[in-house]
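Chemist: Keeping their order, the protein sequence lines are chains A and B. The opening residue of the first sequence carries number 1 in my numbering; numbering runs sequentially from there. The opening residue of the second sequence carries number 1 in my numbering; numbering runs sequentially from there.
Hints are computed from structural coordinates only; laboratory data are not their basis. Take the hints with a grain of salt, since some may be wrong.
In silico SDA-like links for lysine to any residue, alpha-carbon gap of 25 angstroms or less [said to hold, decoys possible]:
id, chain 1, residue 1, chain 2, residue 2
1, B, K307, A, G109
2, A, K110, B, V308
3, A, K254, A, E228
4, B, K103, B, G226
5, A, K110, B, D104
6, A, K110, B, K260
7, B, K129, A, K245
8, A, K161, B, E309
9, A, K196, B, Y316
10, A, K110, B, G226
11, A, K110, B, G85
12, A, K25, B, R131
13, A, K245, B, E309
14, B, K129, A, R54
15, A, K200, A, D244
16, A, K196, B, V105
17, A, K245, B, K55
18, A, K110, B, Y305
19, A, K110, B, I311
20, A, K245, A, C319
21, A, K110, B, E318
22, B, K55, B, V105
23, A, K25, B, I311
24, B, K18, B, I301
25, A, K196, B, Y312
26, B, K260, B, D8
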Amino acid sequence: MSTQNEITYAQAVREAMCEEMRRDKNVFLMGEDVGVYRGAFGVTQDMYLQFPDRVIDTPISEAGFVGCAIGAAVEGMRPIVEIMFSDFMSVCWDMLLNQAPKMHFMFGGKVSVPMVLRTASGCGTGAAAQHSQSLEAMLCHIPGLKVVVPSTPYDAKGLLKSAIRDNNPVIFLEQKLLYRTKGIVPEREYTIPLGKADIKRPGTDCTIVTYGRMTHFCLRAAETLAREGISVEVIDLRTLLPMDKNAIVESVKKTKHILIVHEAVKTGGIGGEIAASVAESEAFYYLDAPIRRLGAEDTPVPFSPVLEKGVLPDEDKICAAVREEVG
Amino acid sequence: MDKKLALDLLEKMLLARKFEENVQYYFSLGMIHGTTHLGIGEEATAVGTCLALEKDDDMFATHRGHSAAVAKGIDLNGMMAEIFGKVTGVCKGRGGSMHIADKDVGVLGANGIVGPSMALACGAAFAHKRRGDRAIAVSFFGDGATNEGIFHEAMNLASVWRLPVMFVCTNNLYGMSTHISRVMKNTNLADRAIPYGIEAVTVDGNDAEAVYDTVSAAREKILSTGDPMMIVENTYRISGHSKSDGNQYRTKEEIAEWKKRDPILLHKQKLIERGLATAAEIEALEEATTEQLERAVKYAIDSPYPKVEDIYEDVYAE
């Protein structure tokens with residue numbers, strides 16, 4: 001029997017949920033069309049057959065069922081709630097801004113909200129401006145939340161299991177174009193701690209800090225740059241809040257150069273926070289060039305495939321930015 | 001209503017009233033900061049409702065939630081200290097008047113936002129139902145909150161999922177300054193339960209006994225049928241909305257009329273008329289509750305403030 005399997009990102013998310021539901025009877029899943037429809041992105045599949053009472057189709061009432069999840073969490077359950085597209089967080093924003101992240105604090109630590117909100121994030125499916133956004137920076141501006149953006153099946157499974165066991169509200173952003181990507185996942189049980197970055201590729205000349213789908217773009221760019229003799233270190237943050245700033249600082253001290261890449265629009269993006277962290281740290285004195293950022297153009301996500309692709313950072317833009325940075 | 005219940009209702013209403021009068025007084029002295037939303041005149045809704053609940057029932061209050069927390073059995077010293085911003089407060093000085101909570105007695109929080117507690121209560125009820133532990137969740141909200149989308153989402157969810165929730169609408173006729181008739185065509189709030197197939201009962205919210213009886217019966221019905229209910233408790237806020245209220249939107253005569261129907265006054269009259277309490281017994285309760293509040297205020301004043309260096313303690317749970 002092999003000790004590892006190649007599975008998709010969607011499958012990894014599903015396995016994490018199923019394993020945790022078997023492990024803890026307080027874990028359940030609710031969301032729109034997570035049952036017999038098998039999930040809008042096919043993540044949940046036959047979970048409704050495995051857990052008939054614990055995979056719950058909801059009305060189209062995001063505020064209602066996210067609020068319900070919070071209330072259930074406060075009463076000792078561990079809900080996983082799926083918001084079909086992360087853009088729909090707008091219609092339950094009060095729950096994500098004023099309720100879930102603040103209760104533990106406001107109530108003096110006596111109440112906790114162990115809840116995971118999973119949602120499909122990011123562009124690339126031609127779904128246009130209201131179904132394609134990358135809203136993580138808004139979430140990272142809310143103390144009390146944790147924000148996770150996995151880039152591989154291995155990370156998705158291990159991080160989701162930790163998120164479900166965490167006693168805080170965790171927003172788990174699944175990038176929809178990653179759902180069908182494959183990766184190796186061990187058969188044995190494992191978890192990955194929240195708040196720890198992962199060096200996806202070690203290097204010595206330039207640090208690229210990224211997360212989610214852009215990790216793969218950066219790794220391909222690093223491959224190209226290696227052929228030119230530029231050694232790039234790719235740091236996948238995995239968790240944006242809390243952020244593993246130490247990993248960034250240590251890497252920059254070594255490489256003396258940093259490029260930050262994300263799919264979210266550049267202005268007000270989490271890249272600004274990363275840049276500021278480096279600028280405020282001892283790593284600043286090691287920099288040989290200005291801190292650089294690549295994000296999507298500051299526009300709503302456009303529909304036309306040419307435009308949708310065009311506004312994003314891509315391998316060429318990343319390579320060009322690194323060459324400029326180290327040049 | 002037996003003698004014990006009659007006196008319990010009176011005692012809790014007196015505690016609630018005196019709690020708020022103290023808050024108002026120390027606020028005027030500048031010893032309490034921020035803002036407070038007093039519910040003077042509405043005590044029978046909170047007290048009649050919460051005394052009809054069990055300890056394990058969850059109660060979600062509004063921003064005007066002092067009386068409900070008092071009635072649910074929160075520690076008065078801790079609640080007063082909280083409003084004074086002290087570390088001995090029920091929320092360690094992190095929440096204040098708008099976020100009074102103590103899970104140990106089923107006070108799952110006053111809420112600074114209008115409406116969300118209706119959905120939160122659905123979730124607590126969901127958990128109770130899953131565990132089969134014969135407890136319900138109660139959400140207080142005002143007349144104004146029934147115009148929020150979350151009211152409709154929560155009512156729908158509770159009815160279709162058959163959750164043991166009690167939606168308690170304290171209708172005090174005003175959303176801050178705006179009279180109910182200016183913001184809804186049909187002001188009979190119980191009608192808003194009809195589309196959701198939820199049974200609604202309307203009660204005189206200034207009659208503590210009537211509120212208690214209504215809520216007791218509703219609680220039993222929720223547990224026996226498994227379906228949610230809505231209670232509309234008609235009342236009136238004698239105090240202003242908050243410290244900024246200049247009472248420009250209502251007349252002195254209107255307030256005076258309602259003062260004649262002060263729930264504590266009505267309840268005392270009823271006790272005397274029915275021979276459930278003597279004037280001396282009522283006087284003794286007045287004195288005892290005054291003393292309790294004096295102790296609470298002293299406790300609050302004598303308590304230390306929280307330390308800034310501990311601020312990160314409760315941002316995240318372990």
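Chemist: Would you mind marking each hint as holding or not holding in the structure?
Modeler: Here is how each hint holds up against the structure:
In summary, the hint linking K307 (chain B) to G109 (chain A) is supported, as the alpha carbons are separated by about 15 angstroms, within the 25 angstroms threshold. For the hint pairing K110 (chain A) with V308 (chain B), the CA-to-CA distance comes to about 19 angstroms; that is within 25 angstroms, so the pair holds. Taking the CA atoms of K254 (chain A) and E228 (chain A), the gap is about 20 angstroms. The hint holds against a cut of 25 angstroms. Distance hint between K103 (chain B) and G226 (chain B) is fulfilled; the C-alpha atoms sit about 24 angstroms from each other, no more than 25 angstroms.
For the suggested pair K110 (chain A) and D104 (chain B), the alpha carbons sit about 9 angstroms apart, so the restraint of at most 25 angstroms is met. Of the pairs offered as hints, the one joining K110 (chain A) and K260 (chain B) is violated, with about 41 angstroms between alpha carbons and a cut-off of 25 angstroms exceeded. With a C-alpha separation of about 43 angstroms, the suggested pair K129 (chain B) and K245 (chain A) falls outside the 25 angstroms cut-off, and the hint is violated. For the hint pairing K161 (chain A) with E309 (chain B), the CA-to-CA distance comes to about 32 angstroms; that exceeds 25 angstroms, so the pair is violated.
For the suggested pair K196 (chain A) and Y316 (chain B), the alpha carbons sit about 17 angstroms apart, so the restraint of at most 25 angstroms is met. Only pairs whose Cα atoms come within 25 angstroms are accepted, and K110 (chain A) paired with G226 (chain B) is rejected, the gap being roughly 29 angstroms. With a C-alpha separation of about 17 angstroms, the suggested pairing of K110 (chain A) with G85 (chain B) holds against the 25 angstroms cut-off. Under the criterion of a C-alpha separation no larger than 25 angstroms, the hint pairing K25 (chain A) with R131 (chain B) is consistent with the structure, at around 11 angstroms.
Proximity of K245 (chain A) to E309 (chain B) is assessed by CA-CA distance (about 22 angstroms); at most 25 angstroms being required, the pair is judged to hold. For a cut-off of 25 angstroms, the pair hint linking K129 (chain B) to R54 (chain A) stands: about 13 angstroms separates their Cα positions. Distance hint between K200 (chain A) and D244 (chain A) is fulfilled; the C-alpha atoms sit about 14 angstroms from each other, no more than 25 angstroms. Restraint check for K196 (chain A) and V105 (chain B): not satisfied, since their Cα atoms lie roughly 38 angstroms apart, outside the 25 angstroms limit.
A distance of roughly 45 angstroms separates the Cα atoms of K245 (chain A) and K55 (chain B); the hinted pair therefore is violated under the 25 angstroms criterion. For the hint pairing K110 (chain A) with Y305 (chain B), the CA-to-CA distance comes to about 19 angstroms; that is within 25 angstroms, so the pair holds. A hinted pair counts as satisfied when its Cα atoms are at most 25 angstroms apart, and K110 (chain A) with I311 (chain B) qualifies at roughly 15 angstroms. Distance restraint check for K245 (chain A) and C319 (chain A): the Cα-Cα separation of roughly 24 angstroms lies within the 25 angstroms cut-off, and the hinted pair is therefore satisfied.
Restraint check for K110 (chain A) and E318 (chain B): satisfied, since their Cα atoms lie roughly 12 angstroms apart, inside the 25 angstroms limit. With a CA separation close to 6 angstroms, the supplied pair K55 (chain B) and V105 (chain B) stays within the 25 angstroms bound. Proposed proximity of K25 (chain A) and I311 (chain B) is contradicted: the alpha carbons are some 34 angstroms apart, above 25 angstroms. Only pairs whose Cα atoms come within 25 angstroms are accepted, and K18 (chain B) paired with I301 (chain B) is accepted, the gap being roughly 17 angstroms.
Distance restraint check for K196 (chain A) and Y312 (chain B): the Cα-Cα separation of roughly 20 angstroms lies within the 25 angstroms cut-off, and the hinted pair is therefore satisfied. Our distance criterion of 25 angstroms between C-alpha atoms is met by K260 (chain B) and D8 (chain B), whose separation comes to about 22 angstroms.
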